[in-house]
Amino acid sequence: KNQVEQSPQSLIILEGKNCTLQCNYTVSPFSNLRWYKQDTGRGPVSLTIMTFSENTKSNGRYTATLDADTKQSSLHITASQLSDSASYICVVSAEGNKLVFGAGTILRVKS
Amino acid sequence: DGGITQSPKYLFRKEGQNVTLSCEQNLNHDAMYWYRQDPGQGLRLIYYSQIVNDFQKGDIAEGYSVSREKKESFPLTVTSAQKNPTAFYLCASRRGQGPYNEQFFGPGTRLTVL
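Chains A and B, in that order, are what the protein sequence lines are. Residue numbering for the first sequence is 1 to 111, as defined by this note's numbering. Residue numbering for the second sequence is 112 to 225, as defined by this note's numbering.
No lab work stands behind these hints: they were computed from the structure. Please note that a few of the clues may not be correct.
Label-pair distances were calculated between CB atoms; the ranges are [unchecked claim]:
1) B:152 / A:108: 39 to 45 Å
2) A:24 / B:155: 18 to 24 Å
3) A:56 / B:128: 48 to 54 Å
4) A:17 / B:141: 38 to 44 Å
5) A:69 / B:207: 29 to 35 Å
Ideal placement from N, C-alpha and C gives every residue a C-beta, glycine not left out.
Using the sequences and the hints, build the whole thing.
Structural data, given as structure tokens:
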């Protein structure tokens with residue numbers, strides 16, 4: 001069964017600190033993996049996309065990594081800001097362009 | 112929100128009523144999607160359409176219906192047959208069928224059944 005699991009479910013950090021969110025997947029065949037940011041009450045917005053041949057991809061203070069062998073991805077946020085408070089969703093694209101969504105990690109950045 | 116609009120933002124429904132959620136896009140995208148989001152769960156696909164006048168059931172289509180009469184519009188009707196309709200509904204669109212083509216999401220509609 002295609003699944004995407006994210007951890008932790010929620011996280012609270014102080015402004016300026018770094019954090020890392022995890023994503024494990026059992027999707028086959030694998031096409032690509034995206035990280036989305038979803039602000040409360042809004043639609044998700046894509047942060048990064050990686051294919052199986054890419055190990056890392058950056059978008060400003062966001063850096064995603066992918067290990068296709070262990071089927072794990074992480075999203076590292078550097079020097080967090082209050083505006084980083086959101087849900088971060090890992091999405092894996094499977095055969096036939098079917099998207100499998102993780103439940104998300106809720107991040108709260110405190111001042 | 113990438114040129115996708117959803118209305119209304121909040122919707123309240125009495126049990127037994129049908130309601131229709133609007134989704135419009137001006138991105139000239141061929142494919143459009145409806146998802147349901149519940150707390151603690153990943154987005155689940157309700158219906159999708161790859162071209163005008165054609166649509167396919169997703170994973171949780173029961174109790175929902177759609178139409179695709181125009182490329183820009185993909186309304187979702189939540190019928191009284193949907194037993195637990197309270198959720199956040201997201202519409203998305205995508206250009207073409209390439210695996211790396213991004214899905215752009217609308218701002219969502221929160222439906223509450225009273």
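Practice item. Compare the structure with the hints numbered earlier in the document and write down the numbers of the violated ones, lowest to highest. Key: Hint 1 contradicted; others consistent.
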